[in-house]
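There are 2 protein chains.
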Amino acid sequence: MYVIEYLTLERQHASDIMLLSLIMTSAEEQVLEANQDFYTALQDLKLEEMEALWLHDDWVRCVRPEWDMLEGWDAVREGWQKLFESIRYIRITMTVRSLQAEETVAWVCCTEKIHSASAGKFDSSHQDTTNIFKKENGNWYMVHHHSSLRYSSQTQGEHRELVQ
Amino acid sequence: MYVIEYLTLERQHASDIMLLSLIMTSAEEQVLEANQDFYTALQDLKLEEMEALWLHDDWVRCVRPEWDMLEGWDAVREGWQKLFESIRYIRITMTVRSLQAEETVAWVCCTEKIHSASAGKFDSSHQDTTNIFKKENGNWYMVHHHSSLRYSSQTQGEHRELVQ
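Just so you know, the protein sequences line up as chains A and B, in that order. This note's numbering applies: residue 138 is where the first sequence begins, and numbers increase by one. This note's numbering applies: residue 138 is where the second sequence begins, and numbers increase by one.
Derived from the structure by calculation, the hints contain no laboratory data. Hints should not be assumed to be uniformly reliable.
No copy is singled out in the list; a pair is fine if it fits within one copy or between any two copies.
Each computed DSBU-like pair below joins lysine-lysine, with the alpha-carbon atoms no more than 35 Å apart [to be verified]: (1) 183 - 258; (2) 219 - 272; (3) 183 - 219; (4) 258 - 272; (5) 258 - 219.
In this text the structure is predicted, and so the values were computed from the model without any measurement.
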């Protein structure tokens, strides 16, 4: 299990990657970078960054707790665009729980602690996430993102709080 | 998009597969079968069927709405065992929303309508699911299952009902 606390504010992930690179294959390193690029784009609220890291194809899918399933790149792009227009701030502490890289497909299983703010509202949640990447022309592109509110037997009833 | 209504009670899926096979590759057909084997095992409440279709490795993961994330085959097996001991009946109408098969990895994005019964309690839910399969020794094994309660903007507030 790779454990990477991903804190954009402190930009610590470069040193984490250096430590991990001692035990990771080149493909795993590239996938880890692609996975982190996704969280950077999300935290930066930058649609062009998000556009650059997804494969623009009809069969990509995106599942998030408060969206209908988004099917195809046009719908996925629109989903991120609406999210970025509606929230002002999002910070995610992401932990990689497993990373598997085959020749042209890789998937990352993560947990996320999310704090976000939109007009007058703050939201916190813990989520479990499956990210799938596909290698095309030497680059790993996101093709599937499935995120869901985390169940925890230890914190059941507390895992989602809404402060207004 | 492949649309397959999977109804174990009526055993209709063989004819659905015949229709789909006209437009599917051999790998896609095999993955579709492996995916259906998973739902058959789940509906049959048969642990040995579930054991046969998962890869027994430390890095497999299983995320379901009312479990902690299960990490590694031993934990995943125990999760299914407990589920099968606690419920008496489960029926799932599964719709495949996308299926992608590369050389050794495939993933299926599905929606599920679930009706289940345990001691004196009936439960219904709609879920979105990501299933990942890995090909080893010519067979496709499940290596990742991520299922979450479905958000729907059309049925928000109605997507989960509990009848006691």
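Here is what the structure says about each hint:
For the identical chains of this complex, residue 183 and residue 258 are intra-copy neighbours only, at 21 Å inside a copy versus 46 Å across copies, given an alpha-carbon limit of 35 Å. Taking CA atoms no more than 35 Å apart as the test, residue 219 paired with residue 272 passes inside one copy only; the shortest distance there is 27 Å, against 38 Å between copies. Taking CA atoms no more than 35 Å apart as the test, residue 183 paired with residue 219 passes inside one copy only; the shortest distance there is 12 Å, against 43 Å between copies. In this homomeric assembly, residue 258 and residue 272 never come within 35 Å of each other (Cα to Cα): the closest approach is 38 Å inside a single copy and 46 Å across copies.
Taking the closest pair of Cα atoms, residue 258 and residue 219 come within 35 Å of each other only inside a single copy of the chain (16 Å); across copies the shortest separation is 39 Å, beyond that limit.
Hint violations for this structure: number 4 only, all remaining hints satisfied.
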